[in-house]
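Asks: Working from the sequences, and respecting the hints, build out all of it.
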Amino acid sequence: LMLSSLCRADNWLVDTGEEKPVHHGLSAFGKMVVEEMNRLGMIVDLAHVSVDTMKVVLNISKAPVIFSHSSAYGICRHRRNVPDEVLKLVASTGSLVMVNFYNAYVTCSDTAKLSDVAGEEVPRWVGGGSDSPVLLTPVSPPDHMDYVKKVAGAQAVGFGGDYDGVT
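Letter by letter, the sequence shown follows residues 5 to 171 of our numbering.
Note that these hints are calculated values from the structure, not bench results. Here the structure is a predicted model, which means the values were calculated and not measured. Glycine residues also receive a C-beta, built at the ideal position from the N, C-alpha and C atoms. Incorrect hints may appear among the rest.
To be verified - DEER-style ranges, computed between Cβ atoms:
(1) Arg81 to Gly162: 30 to 36 Å
(2) Ile64 to Asp114: 20 to 26 Å
(3) Gly123 to Glu39: 37 to 43 Å
(4) Thr115 to Met46: 16 to 22 Å
(5) Pro146 to Val26: 31 to 37 Å
(6) Asp88 to Phe33: 25 to 31 Å
(7) Pro146 to Gly45: 32 to 38 Å
(8) Gly123 to Asn42: 31 to 37 Å
(9) Ser136 to Gly162: 37 to 43 Å
Claimed, not checked - Derived DSS-like pairs (lysine-lysine); straight-line CA-CA distance at most 30 Å:
(10) Lys153 to Lys59
(11) Lys35 to Lys153
(12) Lys153 to Lys66
(13) Lys66 to Lys92
(14) Lys59 to Lys154
(15) Lys92 to Lys154
(16) Lys66 to Lys154
(17) Lys35 to Lys24
(18) Lys66 to Lys24
(19) Lys92 to Lys35
(20) Lys59 to Lys35
(21) Lys66 to Lys35
(22) Lys153 to Lys92
(23) Lys92 to Lys117
(24) Lys59 to Lys92
Replies: Rendered as structure tokens:
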């Protein structure tokens, strides 16, 4: 259950980062909802919530949580992306960041390529002319999946999507 979906009508459960913080993360009722979700075996989804909410939930949840469609804030400073300090909590709780492929969250612009999400190695050659070209170590431009893997570990990264309006 995505926590931010529960607060669309008003701000009774979580701070989303879209408005002025009211609960500094999670209301008392929001904490009860997380506890009940844990008891029922429901997955808590932190996509779209504020950084304070991310931290509170990661610290109180008895089970791993997911970010169903978020990317790395360290690459694209969008408020819906996950900052490094939270990625470290993701690692310590066995949680999961499902990297989004929505342009604005991947490149902070109107365009993005799959390589911005999942990367690709770019070969680097030296030499040529009368010298035989030599392939150097390929260079990988920064991408979200590798970034999350570097900060939180391979077990913490997956593919997500924000299918509403993605082209």
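Asks: Of all the hints numbered above, which does this structure not satisfy? Sort the numbers upward.
Replies: 1, 2 and 4
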